[in-house]
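As they're listed, the protein sequences go chains Z and X. Heads up, the first sequence is in my numbering, so the first residue is 443 and it goes up one at a time. Heads up, the second sequence is in my numbering, so the first residue is 35 and it goes up one at a time.
If you are wondering where the hints come from, they were derived from the structure by calculation, not from laboratory data. Beta carbons: idealized from backbone N, C-alpha and C, even for Gly. Possibly wrong hints are sitting among the right ones.
If the Cβ cut is set under 10 Å, some of the chain Z residues that face chain X in the computed set are [stated by the list, open to error]: (1) Met443; (2) His499; (3) Ala542; (4) His543; (5) Ser551; (6) Phe577; (7) Lys596.
Each chain is listed here by its residues.
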Amino acid sequence: MKLYVYCLAEAIETSAETVRGVSGAPVRLLKIDDLAALVSDVETDVVQVSRENVLDHAGVVRSVFDRTTPLPLRFGTLVTEQQLRSYVTTHKPALAAKLAHVRDCVEMSVKIIWEVSRDDQHEQRVPAQGPGTAFLAEKRSEILGDEIRAEEAKEISAWLHQSISGLTRDEQVNLRPSERLVLAAAHLIERAKLRQYREKMAESRENRPELHFLLSGPWPPYSFVNIGLEFKTQFGVS
Amino acid sequence: MSSPFDQVIITGDGEEWEESDLSLLETLDHVLNRGLVIAGEITISVADIDLIFVGLNVLVSSVETAHEVMRKRQTE
């Protein structure tokens, strides 16, 4: 028997009775020291990624998120109760620090997308004199375009940061995570400042009509909880 | 599916466009790619063919597709 773990939280005494877990499993509260873990008992060693299971996981975390800000776990976390208790006990100070960091906050997700047709703007057509020249001209064009896009992405990131200055408790920005994305950012926002943040984002969008935005939220702070990844970053382990 | 959050909006060219699939893709992006990892590895099984293409890349693809649709609509 293993536990499927959805999230860790403080200051909750009961799980939402109506919420269902992955594969329809009941959800229960497991108290470990000062924390509570929302878990389901499962018989399998693997959790299937399916639309229903993903939404069930998100639904359980959200049921807590409606009451307090939890530390959401990544989908698919299966451990024994002993492993979970050991993890929580061992990482108690780090978990407490994380909970304090995200307390009363929500995560807002911002993705900014390049114009679909903007590639054409940076292309410098050079009359091809032969296959070699054409190849080099194309490579030069690619490099120039890439450098310009990198600079633009930096400028947009700085602009966005400035636009919401004073409204974020923390942020994570991934510049150019893919060909079409200028950036993908996660902003940690105090619940009390959410309305102000939204107004500022709306204003920012109006100021840069040439950019396309994908905004979503409020989310539980999925992007601000990972102790393991921070450890790796701190100590240069990849 | 109903959207789990207040808004998913793509803006551009003065148009706003909502799509429930984007809600799902954003949910996938958060639930599958982020969150606290307490075990050494996450073991998941991808059985549903429609969810094999999970993550940010598919989100971007969907956004691109959405924009192409928007652009076509505008030029029509």
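Of all the hints numbered above, which does this structure not satisfy? Sort the numbers upward.
Violated: hints 1, 3, 4, 6, 7.
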